[in-house]
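Add chain H to chain U, keeping to what the hints say.
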Amino acid sequence: MTQNNRNPGVPLDLDWVMGAHVNKSAVERRVATLPARRTVKKDWQAAWLLRAVTCIDLTTLAGDDTPGRVRRLCAKAKQPIRPDMLSRMGLDGEKITVGAVCVYPNRVKDAVEALRGSDIPVASVATGFPAGQTPLPQRIQEIEQAVEAGAREIDVVIARNYVLTGDWRALYDELRQFREACGDAHMKTILATGDLGTLKQVYQASLVAMMAGSDFIKTSTGKESVNATLEVSLVMTRAIREYLDRFGYKIGFKPAGGIGSAKQAMAWQSLMKEELGDEWLMPHLFRFGASTLLTDIERQLYHYLTGHYAAKHHMPMG
Amino acid sequence: MTTFLEIFKTMEYGPAPEAPDAVKAWLDEHGRKFGLFINNEWVTPKGAKYYPSYDPSNGELLAETAQAEKKDVDAAIAAARTAFESWSQTPGVVRARYLYAIARNIQKHHRLLAVLESMDNGKPIRESRDIDVPLLARHFYYYAGWAQLMETELRDYQPVGVVGQIIPWNFPLLMLAWKIAPAIAMGNTVVLKPASYTRLSALLFAEIVAEAGLPAGVVNVITGSSSAGSMIVTHPDVDKIAFTGSTDVGRTLRHQTAGSGKKLSLELGGKSPFVVFEDADLDGAIEGVVDAIWFNQGQVCCAGSRLIVQENVADKFIRKLKARMEHMRVGDPLDKAIDMGAIVDKTQWETIDSWVKTGIAEGGECYQPNIRLPEKGLFYKPTLITGLDPAAATVQEEIFGPVLVSLTFRTPEEAIALANNTRYGLAASVWSDNINLALDVASKIKAGSVWVNCTNLFDGASGFGGYRESGFGREGGREGLFEYIRPKWMDRPRPDLTSMDLDAATNEPVKPLTWGEHVPARPAAPTVGRANGHDLPRVGPHPEDVHRRQTGPPRRALHHDHHRRGRNDRRAGWRRQPQGHPRRGGSGARGARCQARLGDASRLQPFADSVFHRRKSRCAQRRVHRANR
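Going down the list, the sequences are from chains U and H.
According to my numbering, the stretch in the first sequence is residues 1 to 318, in order.
According to my numbering, the stretch in the second sequence is residues 319 to 947, in order.
So that you can see chain U by itself, here it is in the shape it has in the complex (with noise of 0.2 Å):
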């Protein structure tokens, strides 16, 4: 992390949150034209799909996780792009890895051993992922137990029903706690926009997120029907801004769910750079949560490189 100034949360501003003003057809209209308004091509899309590589919290959350599912993964986390294509592009000396390895707190410890040597943080989900349904004092021992095991950012999930029945305070007071038990370990908020309502809701739930002292906020468990949209990643990146814009701390966002495809991840990356600007395209603002997402940039560096499309067994699988 190389976030100097961390955000250290602040006191809960009901009338900001309650003065907010969403316009979906507005938001609707700005998320239809920036694809088409914004696209880079050859070395710059190139470029861009390594840095984008870079920002990937590569993700393994599923009921059959092993140890040893687990260190493969890390091993891909170590390794993402296929050595004789990073020699090609002329990158030899560079260290290219994804942001981080994303697992269910079980798992923490395998994969904090497996990427021992690296810089590379471990993530941990906790708070009852991915429902948030659990008594209070069980998602704060979860927290606590997957900072102890070495996790070194924690992807805490929103309870969802103080956002819908608009319960504020609660929702601040129980981040606050969260933010309490993580210590160190940076915070990332998981507001789960496809169980709310409104844009709107999506809106007021960053800010009580952020002033609650979220290091960054997730649009998504990827356990959702509806996971990361461009819409409520609009919304987000704009309450980021406004937060920025008050107290001078910048959060950072992760996108995550659904991100299957380069072109997809680019587009993200215009979305960043036109309302946030150039810092939230590095790792250490911005995260894709996905699993797939990495294959298909390698294929489409292949591309780039040899002109030809491999099939996704000519990339070594994480």
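Just so you know, the hints here were simulated from the structure itself, not pulled from any lab data.
Be careful, since some hints might not be right.
[Unchecked claim] Stretches of chain U that chain H covers, calculated by requiring three or more beta carbons in the stretch to come under 8 Å of a beta carbon on chain H: (1) 15-29; (2) 48-60; (3) 89-103.
[As the list claims (entries may be wrong)] Not the full set, but computed from the structure, chain U residues with beta-carbon under 7 Å of chain H: (4) Ala36; (5) Thr39; (6) Val40; (7) Trp44; (8) Arg238; (9) Glu274.
[Claimed, not checked] The list that follows gives simulated cross-link-like pairs (lysine to aspartate or glutamate, DMTMM-like), each with its CA atoms no further than 25 Å apart: (10) U:Lys200 <-> H:Asp758; (11) H:Lys640 <-> U:Asp245; (12) H:Lys638 <-> U:Asp15; (13) H:Lys426 <-> H:Glu525; (14) U:Lys200 <-> H:Asp633; (15) H:Lys640 <-> H:Glu715; (16) U:Lys200 <-> H:Glu862.
Everything numeric in this text was worked out from a predicted model, so none of it was measured.
For glycine and all other residues, C-beta sits at the position ideal for the given N, C-alpha and C.
Positioned in the frame of chain U, the structure of chain H alone reads:
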């Protein structure tokens, strides 16, 4: 050359050009020299002068086009007149097939049209590709439907005749679609003159029309200077003029067509308000501003060029807007990742620049983002001028460039007053998340189009046009049809200009008036059978009625018969009504006489016409609703 590693670290945008190859090949095929398109053929006028067309983004010569002269204009109008004889008699369903074919052919040549449009005009390829050309096709699809419906929905109307259309340079293809599609759908034939800055895309369109198989002479395209435009406007065999352009030229055209019996529609300038209330989604409204004033480099007649923000959020809004402007990209129109291309011509660039200087001289604070412009080419930075008041000329006059002026207001009433404090009335945009407020304000702003929480959205089914000095007549939608039809009972008025003291050749007053010379009228001595410059209606029974009473069926029976027919079949009766004069009714012979009389009173006619349209259109709308159910 930027290295891969540098891009990886800086994450800059790179070039993303659209290839101009196909356009260049098309221009080369024509030897970079174009004649006039008359009767579906390229006509090279003898001894014609040629005029160059440049790419405004790099100054390169694209091609030369012929300057039409009087004989060429006459030839084009004659071709259109000949084609009108058969085209106007062609069943609507057949005309519809031609319009559908044109629409499909436009889609077939989508990319070629878009690239040529961007090269010719300087607009970003994103706009020509995603907005101009799709709307061009959309208008033809939409009006193809109306061609098919004309005989049922507009059965008491007839085409106007030969239509002269003069279009501007800011949306060469879109303006052409707005004009040609409804005209030919209703059975008219067209002589189109594209603007002198942008002629090439209209010529490509002419080829596409011919490819679609449209009969020769239905659409003719002639290029030339403004004097060629004048020749079309004053030509006696043109029945209607449709014009989009500046208010000054519009005024001239009104003058030139006055008393000639020609129909006229004008779509002129604007200084449209963009009203932002405190309860708006400000980030959304910022994107709205970008769409409003930096769309097409601000060269849009309905550009939202007056930002009117509620005072308590004004500072925040302007701060956000300036931050957003830093993200604008200005450059090569063929680059897919730019927001603004080049200004169409050097004269326009200079006008814009002089307005910005005027704004500063008037006390405004000028803000331009710190972004790179290409070294060569007619580029202008997006510009915001704050701190001006309505008294400043920069706030009142149309700049027609990427320049936004901002004002503040305190109450909704004041917002409405400021929005309406203009001699124009083309469009407006209102931003608020409160639907009551937004709709109330929208209904009180005098503008042809008012967008709520969005801006600059167009569609074939939606009418567009102005209030006040923004012109009259509508384009698009059902309402757009009435510019190209007239009731079957009505002929083109051919007023007797001598009775109005007008010179028949120029339509100008025989005795020119100067300021202060006008003397209020006093009662004049009566002349028999005439008053107010017109023949008086006959008093007492008409000789024909006297004759009928003596020889034909009794008058009462006639009336009774008519009445009963109307009762039994209300729809049929309603449709039959206008075959005579709607208020006078009666037999065909009497209808014809009414026409003759109305023919003299040319000034009365457009008025009666419009009242009649409104009444009919409501009934017809109800019918369409019923059919949809």
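We went through each hint and held it up to the structure:
Coverage of the region 15-29 of chain U by chain H holds in this model, with 7 residues showing a Cβ closer than 8 Å to a Cβ of that chain against a need of three. Look at the region 48-60 of chain U against chain H: 3 of its residues bring a Cβ nearer than 8 Å to a Cβ of that chain, three or more, so the hint holds. Evaluation of the coverage hint for the region 89-103 of chain U: fulfilled, as 4 residues show C-beta separations to chain H shorter than 8 Å, against a requirement of three. Given the 7 Å rule on beta carbons, the hint for U:Ala36 holds: about 6 Å separates it from the nearest Cβ of chain H.
The interface hint given for U:Thr39 holds, since its Cβ lies 5 Å from the closest Cβ of chain H, which is under the 7 Å cut-off. Given the 7 Å rule on beta carbons, the hint for U:Val40 holds: about 6 Å separates it from the nearest Cβ of chain H. Taking 7 Å as the C-beta cut-off, the interface hint given for U:Trp44 holds, the closest approach to chain H being about 3 Å. Interface restraint check: U:Arg238 against chain H, minimum CB-CB distance 5 Å, threshold 7 Å, status holds.
With 7 Å as the threshold, the beta carbon of U:Glu274 comes within range of chain H, its nearest partner Cβ sitting at about 5 Å, so the hint holds. About 24 Å separates the Cα atoms of U:Lys200 and H:Asp758, which keeps this hinted pair within 25 Å; it holds. Distance restraint check for H:Lys640 and U:Asp245: the Cα-Cα separation of roughly 14 Å lies within the 25 Å cut-off, and the hinted pair is therefore satisfied. Between H:Lys638 and U:Asp15, the direct Cα distance comes to roughly 20 Å. Compliance with the 25 Å bound is thereby established for this hinted pair.
For the hint pairing H:Lys426 with H:Glu525, the CA-to-CA distance comes to about 13 Å; that is within 25 Å, so the pair holds. Between the alpha carbons of U:Lys200 and H:Asp633 the distance comes to roughly 23 Å, so the proposed pair stays at or under 25 Å and holds. For the hint linking H:Lys640 to H:Glu715, the alpha-carbon distance of about 23 Å falls within 25 Å, and the restraint holds. For a cut-off of 25 Å, the pair hint linking U:Lys200 to H:Glu862 is broken: about 75 Å separates their Cα positions.
In this structure, only the earlier hint numbered 16 is contradicted, and the remaining ones agree with it.
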